[in-house]
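Enquirer: Chains as they are written, first to last, in our numbering: chain U, 1 to 253; chain S, 1 to 69; chain A, 1 to 331.
Bear in mind the hints are in silico, worked out from the structure with no lab data behind them. Think of the CB as a built atom: it goes at the ideal place given N, C-alpha and C, for glycine as much as any other residue. Hints are all accurate, no fakes.
Calculated lysine to any residue pairs in the SDA-like style (CA-CA distance at most 25 Å, straight line):
no., chain 1, residue 1, chain 2, residue 2
1, U, LYS157, A, LYS304
2, S, LYS61, A, ARG80
3, S, LYS61, U, TYR248
4, A, LYS244, S, ILE66
5, A, LYS304, U, ALA162
6, S, LYS61, U, TRP253
7, U, LYS72, S, PHE59
8, A, LYS304, U, GLU28
9, S, LYS61, A, SER176
10, S, LYS7, A, LYS322
11, A, LYS322, U, ALA209
12, S, LYS61, A, GLY192
13, U, LYS133, S, MET21
14, U, LYS130, S, ALA43
15, U, LYS157, U, ARG215
16, S, LYS61, U, GLN245
17, U, LYS130, S, THR58
18, U, LYS133, S, ARG20
19, S, LYS52, U, TRP253
20, U, LYS130, S, LYS7
The following label-pair restraints were derived from C-beta to C-beta distances:
no., chain 1, residue 1, chain 2, residue 2, range
21, A, ARG289, S, MET1, 32 to 38 Å
22, S, ALA36, A, ALA326, 20 to 26 Å
23, A, ARG289, U, HIS76, 45 to 51 Å
24, U, GLY224, S, ASP64, 52 to 58 Å
25, U, ALA4, S, ILE35, 49 to 55 Å
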Amino acid sequence: MDSALPPLAAYAARLGDDSLILGQRLGEWCGHAPALEVDLSLSNVALDLIGQATHFLGLAGAIEGAGRDADKLAFHRDVMDFSNCLLVEQPNGDFAQTIARQFLFSNYQALLFEQMAQVKDERFAPIAAKALKEVKYHATLASDWVVRLGDGTDESKTRMVAGLNWMWRFADELFVMDDVDAAAIANGAGVDKAALRAAWDARIDAVLAEATLARPAARRPIVGGRVGRHSEHLGHVLSAMQFLQRAYPGANW
Amino acid sequence: MHAADGKMALEHARDTYTRRMEGVSLWVLPSAQIIASDPGDAAALFAPAEDKIYRHPTFYKIPDGITHI
Amino acid sequence: MYTTDLSGKKAKPEAAITENPAKLAAFEARVAADEFIEPKDWMPEAYRKTLIRQISQHAHSEIVGMLPEGNWITRAPNLRRKAILLAKVQDEAGHGLYLYCAAETLGVSRDEMTEALLSGKAKYSTIFNYPTLTWADIGAIGWLVDGAAIMNQVPLQRTSYGPYARAMVRICKEESFHQRQGYEIMMHLAAGTDAQKRMAQDALDRWWWPSLMMFGPPDDKSPNTEQSMRWRIKRDTNDELRQKFVDITAPQAEAIGLSVPDPALKWNETRGAYDFGDVDWEEFYAVVRGEGPVAKERNQARVKAWENGAWVREAARVHAEKRANAKIAAE
Ligand SMILES: [Fe+2]
Ligand SMILES: [Fe+2]
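One chain only, chain U, in its complex shape (with noise of 0.2 Å):
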């Protein structure tokens, strides 16, 4: 977590950094999809993700109110001060593990936004209220797709299981809450996460149940990305994305 932010903005970073991370990943795949009509989803999804990013990382700038836009805080942050979920940074894999990420992480979003919606910061709730119509959709993509994938064929079926089993341990860290975001329900803009957990685990299991898969097997989380604790893979992440800003320092683009 960037430990300068203060708890509000570092709220606002966290939603962004989700948005950003997950958006930079779907990003990956543009030109490479299974079809042309997949490369166009994808791509819708990254553009809502990258557009979420810009406003929340704004805000959560904005908040601190020392001169750091959107951009300065996606492009110059190190990994220990993004505090994105563990969940997106992981790995595309093949289509059924980019699929099981989307399809945890669109669910978490619909229900956060569906709450955040009504919260009465006036800077969250518009935001979540926009990015709401958007991770619906994201939602019924993904959960599609894993019902297709699911009850496909064996090698699907054996594909999305895989999917599931590698994104699952990092699921329960979004319902996790902390310091942060009492902080920001406090303050009238937060939503308690851990509240949306059943309702969660309600749409995974309908959609798991109808893909004819078995939820996976509860095990110990992984957790930490809230507080800048990342796996290996969020540094390449931002070797690729940073590398500009990085590489030409001060210049305008």
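With chain U held as given, fit chains S and A with the ligands onto it using these hints.
Expert: Frame of chain U, contents of chains S and A with the ligands only:
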């Protein structure tokens, strides 16, 4: 549009044909049957294109002296 | 150009001779009157074949064209540029899709066209066999490559084959921001730090000549131009478009302080056009043969995407079948 099923066709149609707010409703017809988008989903389907203003040429400021662009 | 005849061969004249003369005459008259030919209308076999080649080559160019720019999506310098580039490359996927659909109305399947691309049998624009080395290449491609494409595509909105013309209308509408975002990138770089200026000039140096090659071989080496123009599937000759491109682009380079890498480039008052140097046609034909600097990489990327996606496409098909069977069983 290539799609294995109606839902997939609808999603692909949305992602292909409504990138610039051109959409209010979608119909996909696999020869015989028609699957239409639910008006209740209109916000999730079409509103996200609203702020993709960079898809429009006027978003880019080109100085007056430069022509044919 | 995306649609340039890269076969280098003259189409067989016998093709036209075997057609029913009355039908052929009626067809030629409709085309000459600028009527649209629709999928179920009678058309000469040579027309159908030429169109399939041209439209599928155009589609392949859109799809392979995603790769050089896609190469920079993860490295775009800020959030605005990242979103723009993603949207732009995504548009090209859409263009490929519209065009494959238009070609399918002529009785060829997308799978067949894809196989032809992957096996190297079908061609795509030579321009995409050059690498994108720096961010400035993204500017240069939007400005020059999309600029050249637009120049070729605008007249094709009135091409004789209805589905193709309609696809071009939609594509041209979407295309209009591509060139502008590219030029805007170049403007920023050319007005930026010394390192950025160097990057911009280097990109123009590398992309200028390949951009001129996009319009295809000189008119005296394009055996099928006359036929294609009569059929209204080509509306200007290669040399005409190339000249137009130079005339429009050279002042745009000058306006932002970049120099076109052609010592022979000079405004000719009497012609009212720019004189310019000779294109290296040896290089062009080598790239057409598949010997472009990154031709192997481009092909490998498409083959990989197709092969890695096979199980996904198969799963979607099988799933749909299962659902359909379940529905029948329930009824
Ligand atoms: Fe295009
Ligand atoms: Fe384009």
